[in-house]
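Peer 1: The listed protein sequences derive, respectively, from chains V, E, S and A.
Residue 143 is where the first sequence ends in the working numbering, and the numbering goes up by one at each step.
Residue 143 is where the second sequence ends in the working numbering, and the numbering goes up by one at each step.
Residue 143 is where the third sequence ends in the working numbering, and the numbering goes up by one at each step.
Residue 143 is where the fourth sequence ends in the working numbering, and the numbering goes up by one at each step.
If you're looking for bench data, these hints aren't it; they were derived computationally from the structure.
Derived PhoX-like pairs (lysine-lysine); straight-line CA-CA distance at most 20 Å:
| id | chain 1 | residue 1 | chain 2 | residue 2 |
| --- | --- | --- | --- | --- |
| 1 | E | K66 | E | K98 |
| 2 | A | K11 | S | K68 |
| 3 | V | K66 | V | K98 |
| 4 | A | K58 | A | K130 |
| 5 | A | K68 | S | K11 |
| 6 | S | K58 | S | K11 |
For the chain E half of the interface with chain S, some residues (derived, Cβ under 7 Å), not all of them:
| id | residue |
| --- | --- |
| 7 | G91 |
| 8 | V94 |
| 9 | T95 |
| 10 | T122 |
| 11 | V127 |
In silico negatives: residues of chain V with every beta carbon more than 12 Å from chain A:
| id | residue |
| --- | --- |
| 12 | A38 |
| 13 | N41 |
| 14 | I44 |
| 15 | V48 |
| 16 | Q69 |
| 17 | N72 |
| 18 | G81 |
| 19 | F131 |
| 20 | A142 |
From the three backbone atoms N, C-alpha and C, an ideal C-beta is built for every residue, glycine too.
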Amino acid sequence: MSLIQTHAAANVLIVKVVPNRLDAKIAVNFKEEMTKLIQDGNHTIVLDLSGVDFIDSSGLGAIVTCLKVLGRKGDLVISGVKNDVMTMFVLTRMDRVFQLFPTIEAAAQSLAA
Amino acid sequence: MSLIQTHAAANVLIVKVVPNRLDAKIAVNFKEEMTKLIQDGNHTIVLDLSGVDFIDSSGLGAIVTCLKVLGRKGDLVISGVKNDVMTMFVLTRMDRVFQLFPTIEAAAQSLAA
Amino acid sequence: MATIQFRIKGHLENVALVGQAINTICTSVCSASTAYQVELAAVEICNNIIEHAYSKSYGNIDILLKLEGTELSLQFTDSGASMPETAQAPPQLDFDPLNRPDLPEGGMGLYLIETIMDSSDYQRLENKNILTVRKQLRTRQ
Amino acid sequence: MATIQFRIKGHLENVALVGQAINTICTSVCSASTAYQVELAAVEICNNIIEHAYSKSYGNIDILLKLEGTELSLQFTDSGASMPETAQAPPQLDFDPLNRPDLPEGGMGLYLIETIMDSSDYQRLENKNILTVRKQLRTRQ
Ligand SMILES: Nc1ncnc2c1ncn2[C@@H]1O[C@H](COP(=O)(O)OP(=O)(O)O)[C@@H](O)[C@H]1O
Ligand SMILES: Nc1ncnc2c1ncn2[C@@H]1O[C@H](COP(=O)(O)OP(=O)(O)O)[C@@H](O)[C@H]1O
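Produce the entire structure from the sequences given, and follow the hints as far as they go.
Peer 2: Below, the structure written as structure tokens:
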């Protein structure tokens, strides 16, 4: 079973994380699925975390990996971060690395612009 | 520290259970505090469980003890039972023993009538 | 299969900790109200061990939780007195709700455990009591 | 003082169980967001034990939780490799948020643990690693 669900909107790929915990147990597989998507040519991505209640540093690290795989070719922004999950971004200062949007729409718009 | 808070309204004593778990740990003390109140002459009682999130069979048994101590002298009705706590009353059929009211006011009114 | 063991000393103040822990773990696969009932059954089992098997001796209670999909099993091990035959028979809870002097003040624990869980199995093994209860937790809608 | 012990086999799938159990127990004395952070610290500690101390050997992790009022202590014991000096030094997390190739993909766990908990104490004793972390949980308003 895939850890992510995707659908394309304009030139943006929306990727929803399915499990409610993005943690060390699934971080490696998540990274693989995401890397494959990027290598398939998806270079503007909204990562929808609205279904995620818990994230650990391995999960966060896996998202950073996506950004590094994208390199200069593209961008990844994040939507739907819950309050507890936001704590992680703030504690690690990753809130300065990623653009975080309340909704998928706002996130997609920022990439289209 | 007392497990219960009381205040009188008309001829009815309102007793609020303070801890959020009415369980075996406190059941004996709770029974003692209640028995004392009854022996002090309080014979029409509203037991307010609106602050209680969990009750076990010892806690429920302690409430039954109050009813038995009151005997024919008086009555005890209950208000503010949360859904989970209600499960306990239903599983043990104690919902047929006690009159349960959503609010303290409704409970007090039933005793005044 | 996810597995976790809990150990508490048989003091009543520790029972809430196990109960809440079990409740939360169940909540990941079932409704909050089912998880609450499992907590209740687990609390009743621990209370019984503390009050009856250990009486005033405060030994350890070991709890092994296994979750395979939505199939939950909980195994309670203590080294207190063995469970009498009477406590192993299917528990009854019969009373007349309108007959106040006749209402039960206790004796509801075993009935609750039996009602809430799908199955329950007791064994006495090497001076230990091992009680295993199981429940199929329905998946969150 | 309420006390509970947890034991899990060092598989990543069991970590969520301890984390959630600890979170819930804390919730009885502090805010949900503080409890969440304690869960996070506990998860990072368990992940480190599984990934670094045990590597691929899947030993046990024992966790002793003590709650005295709002003072929480968590003691983690494992029998894996000892913690290198480098992992005992105050952890750093310095990076330029705008320099994409330089962003850290790992090495955030120890920093989080240190940031979230009030104190942390590591001991190597009889081939076991004992890590004790403490936090004063503020009372629910
Ligand atoms: N773990 C146990 N060890 C020994 N005896 C037990 C145990 N559990 C229950 N019993 C016996 O069964 C009786 C009924 O238990 P229960 O229904 O839980 O009611 P209560 O604990 O309120 O008496 C107890 O009074 C006790 O005699
Ligand atoms: N329990 C442990 N046993 C051995 N080494 C550890 C342990 N915890 C951390 N370390 C070492 O400290 C480093 C930093 O840990 P951490 O900040 O959690 O990041 P990460 O686990 O992502 O590498 C690890 O890479 C490892 O070398």
